[in-house]
Structure formats: C-alpha cells, structure tokens
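Engineer: Sequence:
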Amino acid sequence: MSSLSQRSVFSAATSRVNVRTLSRVVAGWLNLRRSKIALSKLDDRLLDDVGLSRSEAERIIDRWF
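The numbering of the sequence shown is UniProt numbering, which starts it at 1 and goes up by one.
Treat the hints as calculated values from the structure; they're not laboratory data.
All of these numbers come straight from a predicted model, not from anything done at the bench.
Backbone N, C-alpha and C define an ideal beta-carbon position, used for all residues, glycine too.
Misleading hints may appear alongside valid ones.
[Said to hold, decoys possible] DEER-style ranges, computed between Cβ atoms:
| hint | residue 1 | residue 2 | range |
| --- | --- | --- | --- |
| 1 | R54 | V25 | 23 to 33 Å |
| 2 | R33 | S55 | 28 to 38 Å |
| 3 | D48 | V19 | 19 to 29 Å |
| 4 | S23 | R63 | 19 to 29 Å |
| 5 | R16 | D43 | 11 to 21 Å |
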C-alpha cells in the first residue's frame, strides 16, 4: 500500500471515529438539556412528594452529566 493510500485509509477511519464521538457528545448534551427543561417544568409539590428539594434534584441531574 502506498503512503498516500495509507493516509487516506487512516484519515477515513479517524473521521468516522470523530463523527461517532461528536454524535455521542451532542446526544449527551441534548439529554442534559431535556432533563433540565423537564425539571424546570416540575411543580415543587411533585418534588416534595418524592422527597426532593429543587436544589437536590438539580444536583442529581448535574451529577449525571
């Protein structure tokens, strides 16, 4: 295999890995945003029913990410 074609194969493989990594990062960020939006819509009475304060619930979400 020539040096040029070796670079092409390596470059293509690296691009696929970078795209996968970027996809995971973006998906994680979107999940975090969804969680925070859902939390912001929760009624404080519901949090009281499960025994959490709003700040405790926010800390739990922040710890996940």
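Engineer: Look at each hint and say if it fits the structure.
Structural biologist: Outcome of the hint check:
Distance hint for R54 and V25: a CB-CB separation of about 27 Å, consistent with the stated range 23 to 33 Å. Distance hint check: the CB atoms of R33 and S55 are about 19 Å apart, inconsistent with the given range 28 to 38 Å. Against the hinted window of 19 to 29 Å, the Cβ-Cβ separation of D48 and V19 comes to about 44 Å, which falls outside the hint. The hint said 19 to 29 Å for the Cβ distance between S23 and R63, and at roughly 23 Å that hint holds.
Separation of R16 from D43 is about 45 Å and departs from the stated range, judged on CB atoms against 11 to 21 Å.
Of the numbered hints given earlier, the model fails hints 2, 3 and 5; all others are met.
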